[in-house]
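Asker: Protein sequences appear in the order of chains W and H. Quick note: the first sequence, position 227, residue 227 per my numbering, numbers continuous. Quick note: the second sequence, position 172, residue 172 per my numbering, numbers continuous.
Honestly, the hints are just simulated from the structure, not real lab data. All the pointers check out, no bait thrown in.
Below are the DSS-like pairs computed for lysine-lysine, each with C-alpha atoms no more than 30 Å apart in a straight line:
(1) W:Lys131 to H:Lys155
(2) W:Lys161 to H:Lys169
(3) W:Lys209 to H:Lys126
(4) W:Lys277 to W:Lys256
(5) W:Lys131 to H:Lys126
(6) H:Lys169 to W:Lys131
(7) W:Lys164 to H:Lys126
(8) H:Lys21 to H:Lys33
(9) H:Lys155 to W:Lys164
(10) H:Lys106 to W:Lys131
(11) W:Lys140 to W:Lys161
It should be emphasised that the depicted structure is a prediction, and the values quoted were computed from it without experimental measurement.
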Amino acid sequence: MKTNTHFAFFDEGSKKEIRRAIMKAVAIPGYQVPFASREMPIARGWGTGGLQITLSIIGKSDVLKVIDQGADESVNAVSIKKLVHETTGVELTEQTAEASIIQSRHRIPEVPLTKDQIIVLQVPMPEPLRKVEAREYMTKRMHSEDDYSGVWLMLFEQIMKYGKTATSADHPVYVNDRYVMAPSPIPRFDNGKMHQTDALILLGAGREKKIYAVPPYTNVESLAFEDYPFTVESFEGQQCLLCGSTDVFLDELIDKESGKTIYQCNDTSYCMDQLNKKEEAEVQTSYA
Amino acid sequence: MHEEPILQVRNLRKQFGTGCKQCSDIDNRNLEKNFCKQCGTVYACQDISFDLYPGEILGIVGESGSGKSTMMQCLYFDADVSSGEAYISEPILAGKNVFELSSQQKRSIRNHVYGMVYQNPVQGLKMNFSSVGNIAEKLIAAGNRNVSEMEATSKRLLESVHIPIHRMKEEPRNFSGGMQQRVQIAKALSNNPPILFLDEVTTGLDLSVQANVLDLIKNIQRDLGISMIVVSHDLAVIRMLADRTIVLLNGEIIEQGLTDQVLEDPQHEYTQQLVYSLL
Numbered sequence: 001m002k003t004n005t006h007f008a009f010f011d012e013g014s015k016k017e018i019r020r021a022i023m024k025a026v027a028i029p030g031y032q033v034p035f036a037s038r039e040m041p042i043a044r045g046w047g048t049g050g051l052q053i054t055l056s057i058i059g060k061s062d063v064l065k066v067i068d069q070g071a072d073e074s075v076n077a078v079s080i081k082k083l084v085h086e087t088t089g090v091e092l093t094e095q096t097a098e099a100s101i102i103q104s105r106h107r108i109p110e111v112p113l114t115k116d117q118i119i120v121l122q123v124p125m126p127e128p129l130r131k132v133e134a135r136e137y138m139t140k141r142m143h144s145e146d147d148y149s150g151v152w153l154m155l156f157e158q159i160m161k162y163g164k165t166a167t168s169a170d171h172p173v174y175v176n177d178r179y180v181m182a183p184s185p186i187p188r189f190d191n192g193k194m195h196q197t198d199a200l201i202l203l204g205a206g207r208e209k210k211i212y213a214v215p216p217y218t219n220v221e222s223l224a225f226e227d228y229p230f231t232v233e234s235f236e237g238q239q240c241l242l243c244g245s246t247d248v249f250l251d252e253l254i255d256k257e258s259g260k261t262i263y264q265c266n267d268t269s270y271c272m273d274q275l276n277k278k279e280e281a282e283v284q285t286s287y288a
Numbered sequence: 001m002h003e004e005p006i007l008q009v010r011n012l013r014k015q016f017g018t019g020c021k022q023c024s025d026i027d028n029r030n031l032e033k034n035f036c037k038q039c040g041t042v043y044a045c046q047d048i049s050f051d052l053y054p055g056e057i058l059g060i061v062g063e064s065g066s067g068k069s070t071m072m073q074c075l076y077f078d079a080d081v082s083s084g085e086a087y088i089s090e091p092i093l094a095g096k097n098v099f100e101l102s103s104q105q106k107r108s109i110r111n112h113v114y115g116m117v118y119q120n121p122v123q124g125l126k127m128n129f130s131s132v133g134n135i136a137e138k139l140i141a142a143g144n145r146n147v148s149e150m151e152a153t154s155k156r157l158l159e160s161v162h163i164p165i166h167r168m169k170e171e172p173r174n175f176s177g178g179m180q181q182r183v184q185i186a187k188a189l190s191n192n193p194p195i196l197f198l199d200e201v202t203t204g205l206d207l208s209v210q211a212n213v214l215d216l217i218k219n220i221q222r223d224l225g226i227s228m229i230v231v232s233h234d235l236a237v238i239r240m241l242a243d244r245t246i247v248l249l250n251g252e253i254i255e256q257g258l259t260d261q262v263l264e265d266p267q268h269e270y271t272q273q274l275v276y277s278l279l
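Only chain H is shown next, with the shape it has when bound in the complex (with noise of 0.2 Å):
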């Protein structure tokens, strides 16, 4: 059976700097890494294209630097792209470059088709507002006017994650690093979104509380059919999550397919250098 994606991503390209004669021919950029050495120009995206199907995890994996979170804020409108497409497949975004819209609309679909998951909590939580404040936020940015009925969902949602029921009045920075991330992972799931990123989640986490929020995500992903887009530098985690995996190096991507492929019989020096160091 042949299936849509939900989301195609065409060309992405992403640079710090305006790029000099040595660097800006697409075909032969001359770079050391992704770095020009003669304008100090970073590629930190180069031409990355891929598509996300309904339901899946789509893991992307990569050393520091290889542009892995540069290009999760680009996907979420945290930063923009230098050039570049992508589709969503829902009915009123059907056929439009959603990097072109304005930014009213990419706040709605912020609010209402994306989900994201930082690896900082500081970044997708308001620290000193309640639990269950920063869930009805992202209601609130819906269009939701309800208290009671937003009360409720924030509640079956810190209840889903495993929160407490007596501490959710109560602000994430009085929580651990493990709870914050689950609030954030509530607050991400509050509008049912189709697409969910999930940037290094359960790095700084001790080992119990990883496995914790790597559970939490596989049943989103099994009861809610939720498509995701996790990014980690942490093969285990790929391993266990990841439908599919991407290996970017220097902002490009060098290696695809299935994780087990991937990860079992890696083609790239790269990815079998990253493979073979896995302890």
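Chain W on its own, in the form it takes in the complex (with noise of 0.2 Å):
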């Protein structure tokens, strides 16, 4: 049985009270910004805060993209991709270009987004400072006074234990040189896509109950010492064995025949896109 839902699941009063805290999230980047999180028909942890963004934000000629971990086909992109397609009717693509509005997982895609673009971004932790102060009261405190050391106090540790900073993902960022801001778990490969982006970042968390927001053309600058540079992810000499290429955030596999290490692009439809771009040409010129 199907019942009739209103347009994008949610009543006008919610839609309108998440859109409230987005405007808010906007105007004061990288601040988080409390909201009151719906019980979702998916389960906290697995993108409410996302998609909650994604159903107040839609409208029906708006053309939605999901990806999780780069992906555009795993089970719970393609859930949340159901959800809002069976309540709004609104396209769906697999094109980044296409995409007006994105909701990802862990990855902001490998084509460069554009102004008429919006990625809402799934966040399980937004508290970068969590980790070293529980209470969300003094965090709070120190988001206001910019008492950022604990944060860094992180970062030293790290590079005392392990000789650089160990942050795989979600390395902290300062944006608008104000608030220091968890950029959801995206590789460091990703943290520069952030910084005077053409399109609108915006972040949800579901369970943790906030959004926040990073403008387009804003600051986003990850942090990092003086005598130790932030860097990304290095994918020196490596190629994705699809589709061969080598500026991209590699996955890292490991072949269950030869036993041997090898490397993939994790963003599929971007992959796709390259294989497809080949094989136009080479059917061109076996045609010429």
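Join the two chains, each given in its own frame, into one complex according to the hints.
Answerer: Laid out in structure tokens, this is it:
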């Protein structure tokens, strides 16, 4: 049985409340705005924060793309796409360039975003200070007083222990030279894509009931010490075994038969695109 | 020669509770010790004024509950004062009552002007961060962003408080009480603060370690010329360290003067009792 839901699942009151939180988040880049996170048909921790943002901002003319760790076809991405499609009827796409709203878990797509796009990131832990301070009222105070020595200390400890900063993902960033923000668990590779981006970045944490944002053309700077500059994951000398791309974020896989380490594009739609282009070129040359 | 005090404290008051008719008159509080029987308000610090001069060690003695620690907490901004003023002779703070500054400015004073060694190292240290990290925390808070520089400073400080080099990256929770206290002292010294607060630093340490820590404090004062306020209920500690001493009772200063003078020729009845009860 399929009952008729309201457009985009939410009632208009809920959408209004969430949009207000989004407006505030955009007005204060990097500041975590509390909001009344709703019960969703998916469990908390599975992207309810991102989903609530998507459902609040989506309109009939929007085109939606949902990715999970770079993949368009993972279960989570497919379920979210289905839910939004069934309640709104909007068009779905896998092409980054075609989408007007991109909801993503832990990646920013390889294709550069444009000013007509909004990227919605799902956030498990919005508070960059949580590891140093467990109490919410204290972290709020620390943000308001611009007291970020705790985050720096965390990075310092990592350097002492491992000789380098050991944040594999979610490396904290300074937004608009004011708030330190958790960029959600995107790899360090993607941190740079947030800086002065053309698109609007919205971040939603459903379980933690927080929404924050990076408006277009905002400075986003990854935290780094003077003598330990910020570095991204290096895939030097490696390329995608399917499409041959080199300057993208690669997944490291073990080939079961040969036992060798192989690399593959993490962004599946980008990889597919590259393959199609190659094939097209091959077909054209063979006809000529 | 007339010297300018580095820290002036005037009429510091701290009460816990709102007070009532019976106890709100400053001149006639009608208290049982420092406690109002009517409404239960505790007057922990009542009208405390003193000066701290550059390079001197000022001792504060008094029994448990006399307001020593509360006074320290107020000075270090761990607790807000009920009323009172304090002035620090730093160019940017000239003429400003530091109790009335914003919490950001207070934090800046803590990071640049003050050092604090708590009685319990748990309060002063992050037990699950490395010792080097603990010292760096204060340097980071003061704006340093250079890892090798901070590491070098931390190592130098830990060496000066006799923490073996090979244990520098270990967490203080693995250390003995005396070692933890020494890490705390190293941390407090990391920004070369002109003012250092020591709250019962040797309490709970065994005698040989106590002597060690006291030696260290004395050396620091001699070498760096840091002004210190030392709170202790142990008169032997005060006798060894302090140039001048203040005696607190029920939140009030009852006697003050040169340490020798206070201990050899106590004027107030309570001080006499305190000195003569010394074994």
